[in-house]
Amino acid sequence: MDQSGYLGSMIFIFSDFGVNGPYSGTMRSMVMRGAGDVPVCDLMCDAPDRNPKAASYLLAALSREFRAGDVVLAVVDPGVGSVRKGIVVEADGVSYIGPDNGLFELIIRRASKVTIKSIDWRPEAASASFHGRDIFAPVAAWVATNQAFRASPMQLADRCVAAQEWPDELDEVIYVDTYGNLMTGISARGQDEKLVINNHVLGGARTFSDVHPGDGFHYANSIGLCEIAVNCGRADQVFAAGIGTRVCAG
Amino acid sequence: MDQSGYLGSMIFIFSDFGVNGPYSGTMRSMVMRGAGDVPVCDLMCDAPDRNPKAASYLLAALSREFRAGDVVLAVVDPGVGSVRKGIVVEADGVSYIGPDNGLFELIIRRASKVTIKSIDWRPEAASASFHGRDIFAPVAAWVATNQAFRASPMQLADRCVAAQEWPDELDEVIYVDTYGNLMTGISARGQDEKLVINNHVLGGARTFSDVHPGDGFHYANSIGLCEIAVNCGRADQVFAAGIGTRVCAG
Amino acid sequence: MDQSGYLGSMIFIFSDFGVNGPYSGTMRSMVMRGAGDVPVCDLMCDAPDRNPKAASYLLAALSREFRAGDVVLAVVDPGVGSVRKGIVVEADGVSYIGPDNGLFELIIRRASKVTIKSIDWRPEAASASFHGRDIFAPVAAWVATNQAFRASPMQLADRCVAAQEWPDELDEVIYVDTYGNLMTGISARGQDEKLVINNHVLGGARTFSDVHPGDGFHYANSIGLCEIAVNCGRADQVFAAGIGTRVCAG
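Line order of the protein sequences matches chains F, X and E.
Numbers 1 to 250, taken from our numbering, label the letters of the first sequence in order.
Numbers 1 to 250, taken from our numbering, label the letters of the second sequence in order.
Numbers 1 to 250, taken from our numbering, label the letters of the third sequence in order.
Bound-form chain F, shown alone (with noise of 0.2 Å):
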């Protein structure tokens, strides 16, 4: 019996909404009724605000959650609702909807089998700031359930140009989890390399109960990215760093 071979796609939501407001639920709930019986599941809604580049790099290592057949409904702005089309990008069998800001480079280009859509189908009434409710969501819910809608085919080279200049990696910090600890952008390290943010020197430990307390240290976190952290203490403030502060080889 292989217990670890889950059946049925899912289709996640991925956003910078914020969990307060009627913003993340009106979205949601324009999916799920259009999805019907296919499950829908918040990932996150405090993705990087409005920076679609280190959410870009959060997107790809969580993309190990999906799989061949799930859709990714992710919105992050600046870029949304401008004159740049929504994009659905086929990677590895995953769909992702949402701007073509760059928010999918690093899905896009760790993917080995990858396509691009333009998504030109309208709303008779678009709202001029809202196209995750009324563009973007309609099409996730139509992907998941095998719809037509229109689109055209994209060159891969046509996506956002700016972020075909993104790094494979960055080596900077992408995330702020609630505890203060550091997210980066480069994938764990050897326990036995050091890193160094803002002047202080780090070395790697398995875990928080491996370091004294009040140590800093880097580790792999849960998702395969290199996250800085300091045994019952908050990294964030230990070395004044937030989302954008660099983190070089030691």
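Everything labelled a hint here was simulated from the structure, so no lab data went into it.
Fair warning: there could be bad hints in the mix.
Chain copies aren't distinguished; within one or between two, either way the pair holds.
[Claimed, not checked] Below are the SDA-like pairs computed for lysine to any residue, each with C-alpha atoms no more than 20 Å apart in a straight line:
| # | residue 1 | residue 2 |
| --- | --- | --- |
| 1 | 194 | 155 |
| 2 | 85 | 209 |
| 3 | 85 | 245 |
| 4 | 85 | 206 |
Got chain F sorted already, so can you dock chains X and E onto it with the hints?
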């Protein structure tokens, strides 16, 4: 092919319970258990806290998300668990379940066809403090699944008397979002109209990028309300405003 | 017609992961994917942080929401991902999956019929730090769908030894809600009993409106616990209290 034609009814939850604590989850679980296959979606759980007046204008604006057949479980204090009965409002085919404290006043007033029932059913052991879980949630599930329960027709005129005095549009801030943007209880104004909030005169714009950084403006938000914002700033701080702050024509 | 007779099992999630970040969503998605049609409901994600003792009393109080056949995935650090195995506790027909760190101690003690199994199954590549996603979530899905997995019967006496010393009721604050109300680990007291918290003597009341604004009191909260509150105030601030603060008979 009509791609705007979604199918299937849904249950929405609108409350002031907050994202933390066991109350949102407890109430949601009662609806999910009772409603079987009907999808349940948290619309928002940070409705104006203990403020059914502000919440009433917000819920009415959000009602554009609902379709005939949908069920909306809405709970905002005070008045929940008091001697006044809970009600079921059917407005243009959408059923709203919650307290008779004015929360549905604007829904009722703007509907073209509306009926009200008072909820007579009582569980054998209702908590003194949690009618959302013990009364409204089971009733919402029964309405969504077409099951009978004890209720009595109610005259429209017998609904919450204080709320019947509220204006058709509320010229006040009714919600402050995570970014400090100020939703008002008035519908979106033309871009050439001026608004005044705490002695600041604001012009209209289509969206943030149409004004200079630091400038305040009003615009049509994605649920049709007039919203006040500051490009690259927090309107709540710049204008020292919060829920209840007056907004006047300039 | 028996209108209190809900049907169908559910899966509940109880954790200290917080509403932000990818961890709640990632673990939830693993349960949803594995459990097919069984509804999954987040009960709360701000359980007492890294405090399985306080969380154990809270979870036991919340267990009144569960019905025979339900599955509860509960994860509170520390001890998750340690050498101690995860466990499945079946208590009066409800299955609890999580770490053997005392989190289920009060559930076990208050049940009339209880069995424990240790989880022997391991995924091929489990994260060092995220057993919630990699072990407990799949097991919860299998339990909910009656699938077999590798597990061993465990003696009750072999469960977390430290927890076996905990009292039957905990005379301390175990949770502070958004409004500063203080849930305690003792069951609701009669309104004529006095309680003392940090030298403040409090009488009992039925609900907030039964005391003067600014007055503190204790009352029976909606999950049967003795809760301390201040009408129109924050009890945590007025009484300088937090999780762990003692509450004594007055």
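Here's how the hints hold up against the structure:
| no. | hint | result |
| --- | --- | --- |
| 1 | 194 x 155 | neither (40 Å within a copy, 46 Å between copies) |
| 2 | 85 x 209 | between (48 Å within a copy, 18 Å between copies) |
| 3 | 85 x 245 | neither (31 Å within a copy, 38 Å between copies) |
| 4 | 85 x 206 | between (43 Å within a copy, 19 Å between copies) |
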